[in-house]
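Please model the entire structure based on the sequences and the hints provided.
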Amino acid sequence: EPTATFADVPVNEWFYEDVEYVNDRGIMTGMGEDKTYFAPYSSLARAQFATILHRMAGELTAASGKEFPDVGSGDWYVQAVRWASQEEVAIITGYSNGLFGPADLITREQLAVMMFRYAAYMGIDNSARTPIGRYLDADKVSEFAEEAIQWAVAEGILSGKYGQTQLDPQGTASRAECAVIIRRFMEKYGE
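Under the numbering used here, the first residue of the sequence shown is numbered 3, with each subsequent residue one higher.
Please keep in mind that the hints were generated in silico from the structure rather than gathered at the bench.
Each hint should be verified, as a subset may be incorrect.
Result set (DSBU-like, lysine-lysine): computed pairs, CA atoms no more than 30 Å apart in a straight line [as the list claims (entries may be wrong)]:
1. Lys37 to Lys190
2. Lys142 to Lys190
3. Lys190 to Lys163
4. Lys68 to Lys142
5. Lys163 to Lys142
And the structure:
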């Protein structure tokens, strides 16, 4: 019988193995001073997701990167944002107003877009597409995210919610959902 690493992720939880997977690899770790909680139902902030992708890429340092007025040089996520916003990486472009919005909760479509761009950066073929019209809320997918969502659904990285009827593109992504998505991605494309 496996023992749970985190007090709030019991062994019988549907995302238990996904959380263990990302924690074992140091991609998503525990929260708080003693790291004993995973906070699976907490929504993920944009800075947190940038940090996750940065860890997946091997925490490369970036001398340059886009300067965002809302990302300070002393912020814990500054290296991740710098790396991800470099022209040759191009995972993060920021909002049209020039801000990054590090504390903003990441939406499911933003997460798909960043994964899509990360795949391109890693040299992974991300040309697969599937029509998303079968989802009741397909019209809620923003234009900038349409391709990324079609790819993520085609590759089984993002799945529908509510019995596969909705994509919930504007909804936030929980840490548990993110762990599931990251594991699917890594198992599909190799670590």
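These are the hints, each one checked on the structure:
1. For the hint linking Lys37 to Lys190, the alpha-carbon distance of about 28 Å falls within 30 Å, and the restraint holds.
2. At roughly 27 Å between alpha-carbon atoms, Lys142 and Lys190 fall within 30 Å of each other, so this suggested pair holds.
3. Between Lys190 and Lys163 the alpha-carbon distance is near 21 Å, which keeps this suggested pair within the 30 Å criterion.
4. For the hint pairing Lys68 with Lys142, the CA-to-CA distance comes to about 29 Å; that is within 30 Å, so the pair holds.
5. At most 30 Å may separate the alpha-carbon atoms for a hinted pair to count; Lys163 and Lys142 meet this at roughly 14 Å.
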